[in-house]
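**Q** Given chain A, put chain B in place with the hints provided.
2 protein chains.
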Amino acid sequence: MTNHLIIGMSKEQIPTPALVLDIDIFEANLSRMADFFTGPVKLRPHIKTHKCPMIAHLQMRAGAIGITCAKLSEAEVMAEQGIVDILIANQVAGYGKPERLAALACRADVKVAVDNQNNIDDLDRAACAYGSRIGVVIEVNVGNDRCGTRSMEQTLDLAKYIVAKKGLIFKGLMGYEGHCVFTAVRGERKAECLSANKILVDTAQMLRDNGLIVEIVSAGGTGTFDMSGIYSGITEIEAGSYIFMDACYSGVMGNEVFRPALWVLSTVISKPAPGLALIDAGMKSLTHEFGLPKPLLSGAELKGLSEEHGRLELLPEADHLKVGDLVAIWPSHGCTTVNLHDRYCVVKDNRLVAVWEIACRGKSQ
Amino acid sequence: MTNHLIIGMSKEQIPTPALVLDIDIFEANLSRMADFFTGPVKLRPHIKTHKCPMIAHLQMRAGAIGITCAKLSEAEVMAEQGIVDILIANQVAGYGKPERLAALACRADVKVAVDNQNNIDDLDRAACAYGSRIGVVIEVNVGNDRCGTRSMEQTLDLAKYIVAKKGLIFKGLMGYEGHCVFTAVRGERKAECLSANKILVDTAQMLRDNGLIVEIVSAGGTGTFDMSGIYSGITEIEAGSYIFMDACYSGVMGNEVFRPALWVLSTVISKPAPGLALIDAGMKSLTHEFGLPKPLLSGAELKGLSEEHGRLELLPEADHLKVGDLVAIWPSHGCTTVNLHDRYCVVKDNRLVAVWEIACRGKSQ
Chain A
1 MTNHLIIGMS
11 KEQIPTPALV
21 LDIDIFEANL
31 SRMADFFTGP
41 VKLRPHIKTH
51 KCPMIAHLQM
61 RAGAIGITCA
71 KLSEAEVMAE
81 QGIVDILIAN
91 QVAGYGKPER
101 LAALACRADV
111 KVAVDNQNNI
121 DDLDRAACAY
131 GSRIGVVIEV
141 NVGNDRCGTR
151 SMEQTLDLAK
161 YIVAKKGLIF
171 KGLMGYEGHC
181 VFTAVRGERK
191 AECLSANKIL
201 VDTAQMLRDN
211 GLIVEIVSAG
221 GTGTFDMSGI
231 YSGITEIEAG
241 SYIFMDACYS
251 GVMGNEVFRP
261 ALWVLSTVIS
271 KPAPGLALID
281 AGMKSLTHEF
291 GLPKPLLSGA
301 ELKGLSEEHG
311 RLELLPEADH
321 LKVGDLVAIW
331 PSHGCTTVNL
341 HDRYCVVKDN
351 RLVAVWEIAC
361 RGKSQ
Chain B
1 MTNHLIIGMS
11 KEQIPTPALV
21 LDIDIFEANL
31 SRMADFFTGP
41 VKLRPHIKTH
51 KCPMIAHLQM
61 RAGAIGITCA
71 KLSEAEVMAE
81 QGIVDILIAN
91 QVAGYGKPER
101 LAALACRADV
111 KVAVDNQNNI
121 DDLDRAACAY
131 GSRIGVVIEV
141 NVGNDRCGTR
151 SMEQTLDLAK
161 YIVAKKGLIF
171 KGLMGYEGHC
181 VFTAVRGERK
191 AECLSANKIL
201 VDTAQMLRDN
211 GLIVEIVSAG
221 GTGTFDMSGI
231 YSGITEIEAG
241 SYIFMDACYS
251 GVMGNEVFRP
261 ALWVLSTVIS
271 KPAPGLALID
281 AGMKSLTHEF
291 GLPKPLLSGA
301 ELKGLSEEHG
311 RLELLPEADH
321 LKVGDLVAIW
331 PSHGCTTVNL
341 HDRYCVVKDN
351 RLVAVWEIAC
361 RGKSQ
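So the protein lines, in turn, are chains A and B.
My numbering puts the last residue of the first sequence at 365; the count rises by one with no breaks.
My numbering puts the last residue of the second sequence at 365; the count rises by one with no breaks.
One chain only, chain A, in its complex shape (with noise of 0.2 angstroms):
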């Protein structure tokens, strides 16, 4: 089918709900990132947020060491579109899944995150079946709480043990201090990460006491790149959502260093009252886990979002939309709302000037 759109046409020509990328500002937010890792400390950007090659392709030609992934599937895409450098910073597990992983080893320089031993057998009897070597970081809880190890002997047990599979190469920590990339106030922001980052460089330190080599010291989110970034004895950061800029993260860092680039256009479908108009934009194009979206239209607030519709109330001052306007809505999770999506629409001066495809949408698995 076709998707009606043709390089050129206006910003208002474009069918809604649209996902919209402006991209000089994300062209500036990833020079102000790529900037910023001009010293020991790499950017590994992940690609969670964008799910895009071509995103992924320009990130690297902006400096990136390689890219994050969360899964399998995203990571199978990216390698098949020349991106080869790649640590997956979840487990893979389930049926058929080391096999793939193993298979992806042969072809690309791929890493991923462990924190069981039965895992790591499975993983190391795919590698030696398909002829392969898989790069593996230690995945260390440093106050997230979600997967990882809990303890520094636990950590030491598993390295030792990853040593000894020929088919693993044991690369080195990721940690991820999910847990306060959102903090509000940047001191407690800061003291928060630092203690994260200080468990993972400790335990790195604790494996080189033991006799290892740990070359990958993987940590920091867009909230903490400039904490974790320039924490001695980290090696890369995986930060994603600067590149777009969400509502949420915005709400933290403020837009002074990076810009909102990602937008959804939408279109008044419905204008049934006083004070309230009808987006044709709703739950399958907007996602609102980190609050409503925001749209971008002095006096008009987002009020509530059904599958197909999302509530706009209005002040006097924006009650003068009408059935057909556009309103661009600023989406307050980029991540999840790319997830929705098929294409960036790219825009420059109000045209469209090139479009993306999200191939890596719906790659969980």
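If you are wondering where the hints come from, they were derived from the structure by calculation, not from laboratory data.
All of these numbers come straight from a predicted model, not from anything done at the bench.
Check each hint, because a few of them may be wrong.
It does not matter which identical chain is meant; a pair holds if it fits inside one copy or across any two.
Listed next, the in silico DSSO-like pairs over lysine-lysine satisfying Cα-Cα at most 30 angstroms (straight line) [unchecked claim]: (1) 166 / 42; (2) 322 / 348; (3) 11 / 303; (4) 322 / 160.
**A** Structure of chain B alone, referenced to chain A:
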């Protein structure tokens, strides 16, 4: 890319997270609803729930008179797949949309909801340009307070306005009682529903008293199918969720009539501490606007979702879970969960018996 699915494989071999449809329960739900609609009121199921041409065809075979869609792009996909009697139960507005609808009306019997005079002008202009006639129903606000006319006078004015348009065919009314489909106490739900039905049917009668022909009077959701579905003057029902029965609707209606047929199969990827397991299904595979989904495992509760993780807290009876184990998750809201997936893994007796593409996934334009 391959989807790693082979007909005949066991459920345990399906890559997770996977949207799994139990075909026996699904077919029982299909039959039960069809059995209800043997009287004067007909079923026009809403395909926003499943977004799948194969399921739409099965609903037609079971006696549905056509389908209801939320969006033009869903209708385009369904028409291309041979489903040609379509009600788009929302307003279609915005650049290029009336023209697409008019073009579709050349090949399909398409009806669309309206509540605005300028929108009616746009649809008429497009239909005249394309040499087609678009069926229109006026959306009446029956208490949902979303789109729709706010008074009988407004409805009458719009109906007369439509009748005078050469490119349009006035078909009747629709009014969705979305404000009460989830009312937990059946008696209260029924009272609210009958009030909504009365507004709609009284409005239809008023139009007839004014000499207008009202063929369609469309209402009803899964929570009210057996209330609106026997209300004299209602002609068709738009229920959709009955085929899957998500946890939200089951909480309202019980599981006596329709039973849960839809699951997200997940795998445990980490078991980092007693009482805690992480599964590979998060917000990119499951939605939670109607509450967190429920694991099909006694003693396990889903306590949180991040993008690609689900956090299962386990009582001692469920603490046997280990990395690699499968856990089926019952969606709380089927319609939005389906929109995150590309296909149904259709299962019978624990075997994959079919793979049905969700061709309308992401079709919100």
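**Q** Take the hints in turn and mark each one as holding or not.
**A** Hints and how they fare:
no.	hint	result
1	166 / 42	within (28 angstroms within a copy, 65 angstroms between copies)
2	322 / 348	within (26 angstroms within a copy, 50 angstroms between copies)
3	11 / 303	within (25 angstroms within a copy, 41 angstroms between copies)
4	322 / 160	between (66 angstroms within a copy, 22 angstroms between copies)
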